[in-house]
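*Asks:* Residue numbers are given in UniProt numbering: position 119 of the sequence shown equals residue 119, and the series is strictly consecutive.
Treat the hints loosely; a few may be bogus.
Pairs of lysine to aspartate or glutamate residues, derived as EDC-like cross-links and limited to a Cα-Cα distance of at most 20 Å, are as follows [said to hold, decoys possible]:
#1 Lys-68 <-> Glu-80
#2 Lys-63 <-> Asp-47
#3 Lys-63 <-> Glu-97
#4 Lys-64 <-> Asp-81
#5 Lys-68 <-> Glu-35
#6 Lys-38 <-> Glu-85
#7 Lys-68 <-> Asp-2
#8 Lys-63 <-> Glu-80
#9 Lys-42 <-> Glu-85
#10 Lys-61 <-> Asp-2
#11 Lys-44 <-> Glu-85
#12 Lys-44 <-> Glu-77
#13 Lys-68 <-> Glu-85
#14 Lys-64 <-> Asp-2
#15 Lys-64 <-> Glu-77
#16 Lys-44 <-> Glu-80
#17 Lys-16 <-> Asp-112
#18 Lys-61 <-> Glu-97
#19 Lys-64 <-> Glu-80
#20 Lys-106 <-> Asp-118
#21 Lys-105 <-> Asp-57
#22 Lys-63 <-> Glu-107
#23 Lys-44 <-> Asp-81
#24 Lys-105 <-> Asp-81
#25 Lys-63 <-> Asp-2
#26 Lys-61 <-> Glu-77
#27 Lys-42 <-> Glu-80
#28 Lys-63 <-> Asp-81
#29 Lys-61 <-> Asp-47
#30 Lys-16 <-> Asp-81
#31 Lys-61 <-> Asp-81
#32 Lys-64 <-> Glu-85
#33 Lys-16 <-> Glu-35
#34 Lys-105 <-> Glu-85
Everything labelled a hint here was simulated from the structure, so no lab data went into it.
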Amino acid sequence: MDARIDQWLWAVRQTKTRSAATAACRAGHVRINGEPVKAATKVKVGDTVRYRVQGWDRILKVKKLIVKRVGAPIARECYEDLTPERPYVHIPVMRREPGTGRPTKKERRELDRLFGRDSNWGRMR
Numbered sequence: 001m002d003a004r005i006d007q008w009l010w011a012v013r014q015t016k017t018r019s020a021a022t023a024a025c026r027a028g029h030v031r032i033n034g035e036p037v038k039a040a041t042k043v044k045v046g047d048t049v050r051y052r053v054q055g056w057d058r059i060l061k062v063k064k065l066i067v068k069r070v071g072a073p074i075a076r077e078c079y080e081d082l083t084p085e086r087p088y089v090h091i092p093v094m095r096r097e098p099g100t101g102r103p104t105k106k107e108r109r110e111l112d113r114l115f116g117r118d119s120n121w122g123r124m125r
């Protein structure tokens with residue numbers, strides 16, 4: 001049994017539509033065993049598929065070939081997810097004590113400086 005890479009990505013629920021899988025192949029976001037592929041490239045059991053989604057690579061090892069879309073539990077049986085865990089990024093958030101009212105002019109300028117905004121914006125000249 002042969003399966004096209006765009007069909008397989010759609011069938012194992014990595015893309016919402018088959019045309020989205022085809023577009024990802026055309027854009028160069030899909031690689032099989034490290035090589036960029038076209039949408040019609042055949043995928044085999046044991047291949048490593050690298051699929052770029054939202055700026056991160058998903059690395060999937062093909063365990064079973066399917067061409068029809070199936071439910072999520074069955075789809076998970078068709079691949080082994082080798083994707084490394086995403087790094088945890090802590091973004092500090094400035095908090096104010098409840099009941100302290102609006103920020104003062106000084107605090108607002110510090111906030112603008114923190115967020116890289118120009119605190120002079122909107123001032124009359």
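*Asks:* All hints, please: hold or fail.
*Replies:* Comparing the hints with the structure gives:
1. Lys-68 <-> Glu-80: holds (18 Å)
2. Lys-63 <-> Asp-47: holds (8 Å)
3. Lys-63 <-> Glu-97: Distance of about 53 Å is beyond 20 Å: violated.
4. Lys-64 <-> Asp-81: holds (13 Å)
5. Lys-68 <-> Glu-35: violated (25 Å)
6. Lys-38 <-> Glu-85: violated (27 Å)
7. Lys-68 <-> Asp-2: Roughly 12 Å between the alpha carbons, so the hint for Lys-68 and Asp-2 holds.
8. Lys-63 <-> Glu-80: It holds: about 7 Å lies between the C-alpha atoms, which stays within 20 Å.
9. Lys-42 <-> Glu-85: Given that 20 Å is the threshold and the Cα spacing comes to 28 Å, the pair is violated.
10. Lys-61 <-> Asp-2: holds (16 Å)
11. Lys-44 <-> Glu-85: violated (25 Å)
12. Lys-44 <-> Glu-77: At roughly 15 Å apart (the allowed maximum being 20 Å), Glu-77 and Lys-44 satisfy the hint.
13. Lys-68 <-> Glu-85: Violated. Lys-68 to Glu-85 sits at ~29 Å, over the 20 Å cutoff.
14. Lys-64 <-> Asp-2: Holds - the C-alpha atoms of Asp-2 and Lys-64 are around 11 Å apart, at most 20 Å.
15. Lys-64 <-> Glu-77: holds (7 Å)
16. Lys-44 <-> Glu-80: holds (14 Å)
17. Lys-16 <-> Asp-112: Given pair Lys-16, Asp-112 is violated - Cα atoms ~40 Å apart, limit 20 Å.
18. Lys-61 <-> Glu-97: violated (50 Å)
19. Lys-64 <-> Glu-80: holds (10 Å)
20. Lys-106 <-> Asp-118: holds (14 Å)
21. Lys-105 <-> Asp-57: Roughly 44 Å separates the two Cα atoms, so the pair is violated.
22. Lys-63 <-> Glu-107: violated (57 Å)
23. Lys-44 <-> Asp-81: holds (16 Å)
24. Lys-105 <-> Asp-81: Roughly 51 Å separates the two Cα atoms, so the pair is violated.
25. Lys-63 <-> Asp-2: Between Lys-63 and Asp-2 the Cα gap is close to 13 Å, so the pair holds against 20 Å.
26. Lys-61 <-> Glu-77: Given that 20 Å is the threshold and the Cα spacing comes to 11 Å, the pair holds.
27. Lys-42 <-> Glu-80: This hinted pair holds, its Cα atoms lying about 18 Å apart.
28. Lys-63 <-> Asp-81: With Cα atoms ~10 Å apart, Lys-63 and Asp-81 stay inside 20 Å; holds.
29. Lys-61 <-> Asp-47: holds (6 Å)
30. Lys-16 <-> Asp-81: holds (18 Å)
31. Lys-61 <-> Asp-81: Holds: Lys-61 and Asp-81 sit about 7 Å apart, inside 20 Å.
32. Lys-64 <-> Glu-85: violated (23 Å)
33. Lys-16 <-> Glu-35: violated (23 Å)
34. Lys-105 <-> Glu-85: The given pair, whose Cα atoms are some 42 Å apart, is violated under the 20 Å limit.
Of the numbered hints stated above, those contradicted by the structure are hints 3, 5, 6, 9, 11, 13, 17, 18, 21, 22, 24, 32, 33, 34, listed in ascending order.
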